[in-house]
Amino acid sequence: MNNRLQPTRRTFLRGLGAVIALPPLEIAQPWINSNPAANIAVGKNGQPLRMGFVAFPNGALLEPWKAKGVGSNFEFGDTLSTLTPHKKFIQQFSGYMQDMGFSHGDGPGDHARANATLLTGARPFKTSGANIKLGISVDQVAARKIGHLTRLASLELGTEASRKTGGCDSGYSCAYQYNISWASDTLPLASEPDPRQVFERLFGTGKGKEREQNMQARIASRRSVLDLVLDDAHNLKKELGNNDRHKMDEYLNSIRTIEKDIEKSEKFTLPTPGIEKPGSIPKDHGAHIRLMYDLMALAFHSDSTRIATFLLAHDGSNRSFQEIGIGEGHHALSHHQNNAESMAKIARIDKFYAEQFSYFLKKLSELKDPDGSTVLENSMIMYGSGLSDGNKHRHDNLPILLCGNGGGTLKPGRHIEMTDRTPLNNLFLGMLERMGASTGKLGDSTGAETQL
Amino acid sequence: MQSCKLSQRLVTTALLSCCAVLVSAQDKLSYQKDVLPFFKNYCYDCHGDGTHKGDIQLDAHKSEVDAIADLSFWKHVREAVSTHVMPPPKKKNQPSETARTMLTAWIDSTVFHIDCNNPDPGRVTTRRLNKREYNYSIQDLFGISFSPADDFPPDDSGYGFDRIGDVLSLSPVLMEKYFTAAEQITDKAIHPGPPPAPKKSVSVRSFKPANGKAKDQPPIMTTEVWYPEEGTYTTRLDISINSFYPFKGKLIATMWVNDEKVATKEFTNTPGLRDSIQLTKKMPKGKHIIAYQLDGTQAVASDKKQKIGFSTGGVTIEGPSHKASYPNSHKLIFHRDSIPDDNAERVKYAREIIERIAERAFRRPVDNQFIDKLTTIAINHSQKPNHSFEDGIALGIQAILVSPRFLFRVESQPRPDDPLQVHQIDEYALASRLSYMLWNSLPDEELLKLAKENKLRANWDATIKRMLADGKSNRFQKDFLAQWLQVSDVETISIVIPEFREMGKLRSMMRNETDMLFNYIIDNNRDVMELITANYTFLNEDLANWYGIKGVKGVKGKEMRRVQLPDDSERGGILTHGSYLIVTSNPTRTSPVKRGLYVLENILDTPPPPAPANVPELEEAKKAFKKGASLRELLQVHREKSECAGCHARMDPIGLALENFDAIGRWRDNDNGKPIDPQGQLISGENFSGVSELRAILGKRKKEFYRCITQKLLTYALGRGLEYYDRCAVDAIVQDMQKNNGTFATLLHGVLNSVPFQKRRGDGDRLHAATTPEGAKP
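Protein chains in written order, with the working numbering: chain C, 1 to 452; chain D, 1 to 778.
By construction, these hints were calculated from the structure, which means they are not laboratory data. Predicted model, so just to flag it, every value in this text is computed and none were measured. One should not assume that every hint holds.
[Stated by the list, open to error] The calculated lysine-lysine pairs, modelled on DSSO-like cross-linking and capped at a C-alpha distance of 27 Å, are: (1) Lys-264(C) <-> Lys-384(D); (2) Lys-265(D) <-> Lys-250(D); (3) Lys-265(D) <-> Lys-277(C); (4) Lys-40(D) <-> Lys-92(D).
Sequences are here, hints too, so could you generate the full structure?
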């Protein structure tokens, strides 16, 4: 089926280089300025403000992760040393906790809970299937409030195209262990691992002028179908019982989102990609991750969205890292039982992920917004895991970074030690405030973080 | 991992082999005389008389009535007692199995009102089609080989299967993909414009240079092509100029057919252009010579570092024109020979098409008004500028494919919110349940017709037989096995052992081995227990060599075939298949714990009890580890620590018995230079010296195995997790299997005929809606 031209990664990156060389994308300007509510989701400089959440699995080996020193006088540990060039854009935190990750009487299942709680701070109802319940995630709180400002309300990226069959962690449905973005208590948003599909969501299908034409043709025909199916779904809903009505609500909500997208598409023209369409998923894992970071950077730069999540792998992932000579599975290694060799390998995997993240920060620091400031300056990117010590399954003292200047609203370049067991959701409240998407409470938050 | 959870709660019930004993016994049981003394004897040390360890207090209820009404309380009690979590194994004072059974029997009858003569069928949440079902439904509906759902996000699974209504959610991104897929589907199924003539491609590779290798002149490439009969053919040379960069001078392309020059085309500075030269002509039957020349010698790229790409994708021959015909998928949609000119007749035709497809896609008759609306959409669209009748129909079909009635399997109910309203599902719903079970797809016309005439139940067995005989039933066998025993994972799981990588297709051979064993057992009406105990397996030469199977002669070549194993062979049954041995290993080494857990959960129906609420920190265990300890020694720590022992004493001996098989399925006598010690003892007391004896012991546990496979298949069939009230259906099927030599046919018919498959009730909490429980009377 796939006999299209498949550009190599090099041509793809060359394409991206071309984007960087261009003057700041003009497409970003019209709706930033024409928006009457221009004071939301923008930084102090009036440029669009982005929030991103990057999740890595199985925690981190804490010794090499730890920062040395507190405040602005700090050094990264070995794991994060690769981020040193971007140090002035980074806040490293110690002491944050996702308390709902702990069992609270629900028994084992720490990986499912680590994944589920990371961006929600909510307690996952323990079930293999019936009555799944968690809580909305921070990115989706923002998407509800400011998603209308951009063509896509939010973007959910991942790397895992296939899943193991069978059940997931200790009696938790796989929905908990594979999704970090939750649109509501009950609706997880799957992450997209395929770079080609992300590209098509961002830039449409077809070449040159075709893209816009295809888009318009599709919109016209979809519009005529929407009313009909919406109507029918309402009728159908009347015939159903409570749980089934709930399923129909998922459908209705999705149809309404598509309606909104159509309205938006009249306001926003498709951005020009400036890059070639990526082919299939790269075999090399690092290349795959970097490609997804490229697309996330492009999505931010073209102001296609201001909200994105990236699940590097589900918690409990047992992938091996042959790219860096590590054959053992990540999860199996993370239970290192203080074996020095295993610990060294875990540290190496942590560093591998950090290196890819460093690539992303570099990319963001090279992309310019209309006023000449960089996308990194106008961003808040969280990088972290729902476990701290993978060996012991701890959910406190989580490894968490916040990167970017938040459009001048953050004071990066510091290591901040929180009071022990501070809810990570307090950080999220602080980020939401800056996005103009404040919410009184999220999950187990106790108040917006004031030290950012 | 999902375990056979239901029976975990039921395991003690099952110990009483005869249901009649249970029923007669429970009449005499009472809260005061039987339940309370049990609590006093075995539980109050920690959970009564003023103690409330873990916030559990068994004597907190004010009265018997209050106690009986506290359903979640009894659910916990039942689970803890039946799985031997409570009293804790380290306590000396343990109730007998009979006492435990007494307690669970009382809970079942008095608290949960389980009445197998009038069972609760449960309810199934409206199910979205999963990716596989979506693909098969589209393929079967339109006759196209196209898998649009491959682009959808992965489906979440629950209870070990990706078919659970409560778990299959629908996000806006997925909805967007449904729209895109619908558009792609009609593009593939409907052919725009007049019917196409037969088409043949002649690849560039079949052309050879005719004028030698003259240096100053580009070669003339020729080939011979067979034209099957006299008729009008279009012979076309496709040309592309690939360079992105400008060039100077000209590029020249020429085509000849039978020495007659068709045309010469010149291109000046047209980077990225695609063009063609073609000849449409009446041709006699026989061989014809086609030739072309691409001359790039008279052009130079403006940027000298760049090359100009001047090439052809080959020659296409379309014809003879009198054989022009629409593809099958098109004919399946457009059932008339031509599209009527008359407007009213067109509307009628559109309506016919829409109604037929909607009925198939929705798997039940469709409301007339809705058909009218769909027809209107189609006709309106077809009347737009540059739009055809086919375009209109395409849009109508797209609307059908994004409708909730296609995407969800909706079952109509008389009183959807009344949990006491039990009814047989209507025959349309039954037809869908059956076809999504046996075919992973929508009902075909024959099945739908039976439902329409309300004759499906009357022709039930014959219909099942017909459906199983259809090749589409392979989808079910393969999918069920893949998910239950995780055999498909052997094709994707990460293995980092160099020798394995050199062995190419081993992964799919291993999957085939297990698939073939399962199919063989089904096709030959063998006892499903042979999945574990078979003294034969399925091999080809490569796999036999890989396994190092001794004494098997004549297994040559690539074909997998049934091989009788020698009596002293260690192989036989899935526990010695590469599929199982690999999916339960880590990328570089075996994992006895995973291997043991798999057997408990998927084979034996004795999953370990839930781990203690607060898992002890692994930190403490490490103290006991010494350098160079063997895996067996390391695991010993697990079994000695009381918090771990409950589970690991069950899992580890099984996994350790299989240590003679390495992480890639080969036999080994040593690990790291140390001899493997496979002997052990199951928690139930049986001793074994290694894998063969273990297999023999497991082979005797038929009832547990039947129960396990029954629960898995019932979950698969229903699309929901099993509940306490499904116990009746499961017990009946297991008994039937025991009477009928454990055949898969008995199991399958048992599931398809079971109350939860045939009936349903409204949504809501049945227990609280129930009338006053009998047992509540003082």
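Status of each hint after checking the structure:
1. Lys-264(C) <-> Lys-384(D): holds, 24 Å
2. Lys-265(D) <-> Lys-250(D): Holds - the C-alpha atoms of Lys-250(D) and Lys-265(D) are around 10 Å apart, at most 27 Å.
3. Lys-265(D) <-> Lys-277(C): With a Cα-Cα distance of about 31 Å, the restraint between Lys-265(D) and Lys-277(C) is violated, given a limit of 27 Å.
4. Lys-40(D) <-> Lys-92(D): holds, 15 Å
Hint compliance for this structure: hint 3 is the single one not met.
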